[in-house]
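Peer 1: Generate coordinates for the entire structure from the input sequences, incorporating the hints supplied.
One-letter residues, chain by chain:
There are 2 protein chains.
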Amino acid sequence: MGKKEVNIGLIGFGTVGTGVVRLVHAYQEDLYKQTGVSIHIERILIKDPLKERPLSVQHGLLTTDPSTLLNDPNIDIVIEVMGGIEPAKTYIQKALEKGKHVVTANKDLMALYGDELLQLAARCGCDLYYEASVAGGIPILKTITDGFSSDRITKMIGIVNGTTNYILTKMMREAVSFEEALKEAQRLGYAEQDPTSDVDGLDAARKMAILASLGFHTGINVDDVSCKGIGGITVEDLNFAKQLGYTMKLVGIAKRDEWGIEVSVEPTLVKDTHPLAAVNDVFNAVYVYGEAVGETMFYGPGAGELPTATAVLSDLVSVVKNIQLGVTGKHMPLSYSEKVLKGKETIYAKFFLRLIVQDECGVLAKIAEWMAEEEISLEKVFQKPYIGDQSQAELILVTHFASKKSIEHVLDLLKQSDFIKEVKSCYRVEG
Amino acid sequence: MGKKEVNIGLIGFGTVGTGVVRLVHAYQEDLYKQTGVSIHIERILIKDPLKERPLSVQHGLLTTDPSTLLNDPNIDIVIEVMGGIEPAKTYIQKALEKGKHVVTANKDLMALYGDELLQLAARCGCDLYYEASVAGGIPILKTITDGFSSDRITKMIGIVNGTTNYILTKMMREAVSFEEALKEAQRLGYAEQDPTSDVDGLDAARKMAILASLGFHTGINVDDVSCKGIGGITVEDLNFAKQLGYTMKLVGIAKRDEWGIEVSVEPTLVKDTHPLAAVNDVFNAVYVYGEAVGETMFYGPGAGELPTATAVLSDLVSVVKNIQLGVTGKHMPLSYSEKVLKGKETIYAKFFLRLIVQDECGVLAKIAEWMAEEEISLEKVFQKPYIGDQSQAELILVTHFASKKSIEHVLDLLKQSDFIKEVKSCYRVEG
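Protein sequences appear in the order of chains A and B.
Take the first sequence: its position 350, counting from 1, is numbered 350 in the UniProt record's numbering, and each next residue is one higher.
Take the second sequence: its position 356, counting from 1, is numbered 356 in the UniProt record's numbering, and each next residue is one higher.
Just so you know, these hints were derived from the structure itself, not from any lab.
Heads up, some of the hints might be wrong.
Treat identical chains as interchangeable: a pair holds within one or across any two.
Unchecked claim - Here are the simulated lysine to aspartate or glutamate pairs, EDC-like style, with alpha carbons at most 20 Å apart:
1) Lys33 / Glu338
2) Lys155 / Asp281
3) Lys384 / Asp359
4) Lys170 / Asp200
5) Lys330 / Asp30
Peer 2: Okay, structure coming up:
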């Protein structure tokens, strides 16, 4: 029980970094009461010394030289909020090797090298915490590691990307196109000028890799996550979904069963009565199903300066408490289960299909026959004349549980068939 | 890093106790991987040795003599799931004094004597955890102490009693009376034969006292919670609420601002767009507003054998980890803020009023005048002929923010007035 002051080296001084500095100052007294230690920001590593910043800090605090921060023996904890793989990875490794604890918000890095870095931290006797990397303001990593330590999580469904959730909410509510909704999201600062990693689902895939690793105690890498974005979703899809009682969400699903683990991110129709269906705008939520506890859900802001900064600071408080008790490097959530990924033949889901078909006798029979051969049965069928062409019909099918392999096989047959004009869409269905 | 085995003494072998024994057996291997220790149930204290139990345990495990458990030096951790104040309190005190760590699910006890017992635990160098005492399957206490350690919680709203939430959900959905809904809840085992403590809000008040103490770092006692039950709610109230876009919930509210702290439990009209409005049936949820993080919500099962048992076991895992690291008795969430409770003049809320009035000129003007004198302005006014009597009208008012003192004063004036036939109801409004 030694220290009276803990010194922080901050790497990165963008949105989250600014939030961290603001909160450390605003909550100085509360933090002291919780930890018995004053928290002091000793140095901030920046790239561009000429850049104008929303927050002015004491002269001499800023540096562009990483070694003045990483080699400073006074610095106990490094907070990395610069993002990206390199040089962040090298900085974190060096910090750990020098015996400095690390708090990071870096999902790119943790989704790719989480296991490696956690093991390095454990070897160095250092803490490495990363609550802010998933669902900003929701303390979901702590909840999974501590709250669910006594249960077996079998399923997690996450709305973990605020940008796409905003776009889909707007498309559902106002029946505007994807392009229009994206433009509005950019105007409001919810989407970046290059929105690719959000829209394509990659950002969500990184977060799901982190959640799956923790929840299933194994090293799931972002490359293990099958991923599909929201770019192709049309207002027509959403209208049909609404009529059938579904809400479109970009969800990440991580499941484990006797065959292994599956992790995916894809546009999914969520039943209106499912708690995730009401998670709108830029909000995030993670639904966790535990074998013993059943259904739970954790909801909150997924990004933003202060929400993300609180996540960073809650990790900081944990590290400081560990320092005071002399138990750093002991709480790493290291993997202990073998990674067995499922193939398409054991990934089961319900599916929504929208087809344009020749409006003639026997078409539905043929489709049903192909489905039956793959042991797919139908939960809902809905047909109406196709507005584009009177001789054609629009057919909506919702299946019961089917394997991904079976549904892909049927989709191939449909696409090759003469009497199917077009496979407009195929989405997973949840709830 | 010493022990290979941790021995448990279980006090109480009802629903939750049975769940604990089941899970300790079912998850033996997972628990070992998490903690490096085998967890062994050494002794179970019961009241009635002749009672038939759903789970049969090894001969010699059961005892009716508390001293054989409390004085057994082999027992490291006591799990108390018998409930009630005495003898539970004495057992817990004795266990702590003997250096045994305690995990309890006892909300009655923690709501009344939480501060005292936590201080005793800290003095004895022992852990005292009580996650299962609030909202069974939701790890809300860990979330507040760890996840929000870096933020200033200003408001918590909890649906923390499953019985009343089931009754209100049924009344809203099916327009059945309170009595009918209660009977159905009893038939399904959601309500006890004597449902008083649920229906009157006392159970929820206990949980709000625990939440407020943790969230505001001060000792809030159940006696500090103002409490009103759901017994008087009518189907008519619910119909009007629905028309105006509200859902009736029994909510606990804990707020703090520059004037102090308020904690209450009362039937409240929650706006349909608020995340709590969608929390139905026996589910629980706690909405937490942090100054920096903003809106968050935590949702899950509030009771039941296995959900509650997982909460107990997650505490057990925490204690075992602390034992292994030699840091027991260091994580007690002790109070450090002064308790300042607000008076009615600084408790502000919106209110919904339903009145039966003489249908004559000047009535609304008079009511509006009384309101104006108390600086209460109206957000919504809705009038319709009263079915019971043609010369009377039914008047629904929703106010803007008003102090509890002001609204009570206006209610007094209304009750004394000749042209107000009846004040049918007055509810708090949230969101």
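Peer 1: None of the hints should be skipped; say for each whether it holds.
Peer 2: Structure-based check of each hint:
1. Taking CA atoms no more than 20 Å apart as the test, Lys33 paired with Glu338 passes between copies only; the shortest distance there is 13 Å, against 42 Å inside one copy.
2. In this assembly of identical chains, Lys155 and Asp281 lie within 20 Å of each other by CA distance neither inside one copy nor across copies; the values are 24 Å within and 22 Å between.
3. For the homomeric pair Lys384 and Asp359, the shortest alpha-carbon distance inside one copy (10 Å) is at most 20 Å, but the shortest distance between copies (53 Å) is not.
4. For the homomeric pair Lys170 and Asp200, the shortest alpha-carbon distance inside one copy (18 Å) is at most 20 Å, but the shortest distance between copies (42 Å) is not.
5. In this homomeric assembly, Lys330 and Asp30 come within 20 Å of each other (Cα to Cα) only across copies, at 18 Å, whereas the closest approach inside a single copy is 26 Å.
Violated hint for the displayed structure: number 2, the only one.
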